[in-house]
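Colleague: Working from the sequences, and respecting the hints, build out all of it.
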Amino acid sequence: MFKKILKPFARLFEFQARTHYRMERHSMALTFGIIIAASIGGIVEIAPLFTIDDTVETDPDMRVYTPLEQAGRDIYIREGCYACHSQMIRTLRDEVERYGPYSLAVESQYDHPMLWGSKRTGPDLARLGDKYSDDWQVRHLVNPRDLVPESVMPQYAFLLEKPLRTDDLSDRLGALRAVGVPYTDEMILNAADDAAGQALPDGDKADGVFERYGDATAIRYFDGRRDRVTEMDALVAYLQILGKLTDLPAQMQPIAEE
Amino acid sequence: MMSNLTGAERTRAMMITGLGALIGLVMAIVGRNDPMGAHGWIILLFFAVLFFVLGNALYDPEPTEDRGASYYDDPTKVGIILALVWAVVGMSMGVWVASQLAWPDLRFDAAWSSFGRLRPVHTSGVIFGFGGNALIATSYHIMQRTSRARMPDQISPWFVLLGFNLFCIIAASGYIMGITQSKEYAEPEWYADIWLVIVWVVYFILYIRTLARRNEPHIYVANWYYLSFILVVAILHIVNNLAMPASLTGAKSYSLFSGVQDAMTQWWYGHNAVAFFLTTGFLGMLYYFLPKRAERPIYSYRLSILSFWGIVFFYIWVGSHHLMYTALPHWVQTLGMTFSIMLLVPSWASAGNALMTLNGAWHKVRDDATLRFMMVAAVFYGLSTFEGSFMAIRPVNGLSHYTDWTVGHVHSGAMGWVAMITFGSIYALVPVLWRRETMYSWKAVEWHFWLALTGTVIYVFAMWNSGIIQGLMWRTYNEAGTLRYSFVDSLVAMHPYYIARAFGGLLFLTGACICLWNVVMTIRRVPHVAPSLDYPTSSEAMEPAVPVAE
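Residue numbers (the numbering used here), protein chains in the order written: chain R, 1 to 258; chain G, 1 to 550.
Hints are supplied without guarantee of correctness; some may be wrong.
[What the hints assert, rightly or not] Computed, partial: chain R to chain G, Cβ under 10 Å:
id, residue
1, E24
2, G80
3, M153
These are calculated hints, taken from the structure and not from any lab test. All of these numbers come straight from a predicted model, not from anything done at the bench. C-beta atoms are modelled at their ideal positions from N, C-alpha and C, and glycine is treated no differently.
Modeller: Following this line, the structure appears as structure tokens:
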């Protein structure tokens, strides 16, 4: 019986070996064979993700990053924070209890690229927003070991001194719109002002931020300095919005407590 | 080196480097307000140096002998040296970043020296710098020998080799300046990606043209693997790096994909970078150098076929096992797991094929450290692919993913398989290439072997321990039904293992330094010998270019 089961496989293998014997005499036949064999898996797995509607949940309340938060996200990427911190709470009991409701696809809908990570040297950051005060975040970034003596995180004190570059923010928002983030013309045009307005609430630019990004937008002196906008402002603004773009996970998973 | 180029070729090469320098200048000017400008200067400098080297030799005498009567080995020689230099650079970075995890203040408070910026320098340095150069150099050697044909022209091999190194330099310097698109193993930004596509297309054309000139009816096994490496890496690279630059005068770009789709594309790329850069390319090395060194034919031609098509077809499915329990749709996760497990069959077919080839040559393995490198590489290949399939099983993956276990797994593949087979191949290749009797010091090869093996074992065991402890601590509950350990508790538990891992890496690095020294000494000190039949011959000649299969 065993032989009977194996027979078709043996035939198939025989056929494949003979085909290959002929193929390996022609470099282009081999080339096309490799391309075809190596394309099938990718097409089957990736193509449907773009066409099936339930790949990503729909959430009309999903909000986009403000220019300041996006600038902070770009700094997060620049410093390689993703190498040690994931932004993906998995559907495992201990992760939900430690970090909060598990991550939904919609939460990273506007993330180009995603920052799900692959290694946790530090904890997951997907629900970091509003967990600590701005002051905690700033002091932690300036020297992590001041607040967590056992931490092995690098210190980022220089962010506090470095003024945020805003002249290219319109370009950045424009490029993001080109890849599918729904920024309006007005948002793109005022990106630099909005970034300054969000980090300097007493200035005259703050009103525009509320107007364009909603009244719930956090407008604060994120780094505590009132004279200028630094990279620290941007990074802290980004960290404080993590997990706050939509409250769909909390609605769907009400059991997970804080 | 220059004496092998005709005047016309030197002029053409000068035009290419001149154009490159011009592009560098333009980038330096338009990108002056952006980190991209610094890259412009680096590109300008790189091409200007080559331009002047070529210009200096422009009026040297033309090559006299018939070039078609020999193989073209100059680019291979340079590639081997570059591979070893990158090995030392990349592994030093590895030891440094590993030490930063044990002693975080080792960054000296500079912006460029944090773990996040240096880690990609380490990964790209060893994967692309060391691995890539070794692959390009050995592919030049192997495709000529197994085809019994010289490469079709003199410039494109240099273009591929040096162009690829320029890519590596842009990548490494970019990470230090903070230029990264954060996709693992694909961090360089859009202009570097475009440059790599150009280099890679030239590489493919060069490979196909050499095969077209072959004096053998069949394409040898190693070439199938190298061909799949070139082709599939191109596909992966192009799709995964599709991005929209924020502006043409700045480095920043945004991926075309977002969220779930981006994650799937990234790991489709990421895991197949393992498959087609770090596996099939190096299997090409294994299938040529191991039988050659053991002086035995490959154990089974059919097993080679089974393994080859199995790897090419199965690997592409398995990337989604990186995304178990995430927001990726469940059916894709399941497919990834299924194919990861099936992948064990073709992987072990190759590992078994390699080890069975050594049957009847075990006394050589005992006496010859070079062959021992290759044997250990095949063993680690078998172990890592087993571990890989095992780790893709859903519950195991839940524990291994995000922990040091994955890091350990990656390094048992990188150090045990990729680096070991490369070192073995280099020791086999260097005397042939430079026409020397032997390596300068066989004792140094022995030292290197034992350092590399000890280093790998210490590293891998440290990471297994730390990864599994970490994963278990995260999910341990106390009697009250709440989590037992805080995250910081698990971090503290890692400390001794991080020290052990830095130590293991240091041993491995020491071995690589010894290798570089030994190669340089071989070139300088060991006397020349006449090669026995190392030139292109017609298919009627009696000596087969490679050990006959089946």
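Colleague: Against each hint, give a clear statement of whether it holds in the structure.
Modeller: Against the structure, the hints come out as follows:
For R/E24, the suggested interface contact is upheld, since its CB lies about 5 Å from the closest CB of chain G, less than 10 Å. A distance limit of 10 Å between C-beta atoms decides the matter here; for R/G80 the minimum to chain G is near 2 Å, and the interface restraint holds. For R/M153, the interface hint holds, the least distance from its beta-carbon to any beta-carbon of chain G being 7 Å, beneath 10 Å.
The structure shown violates none of the earlier numbered hints.
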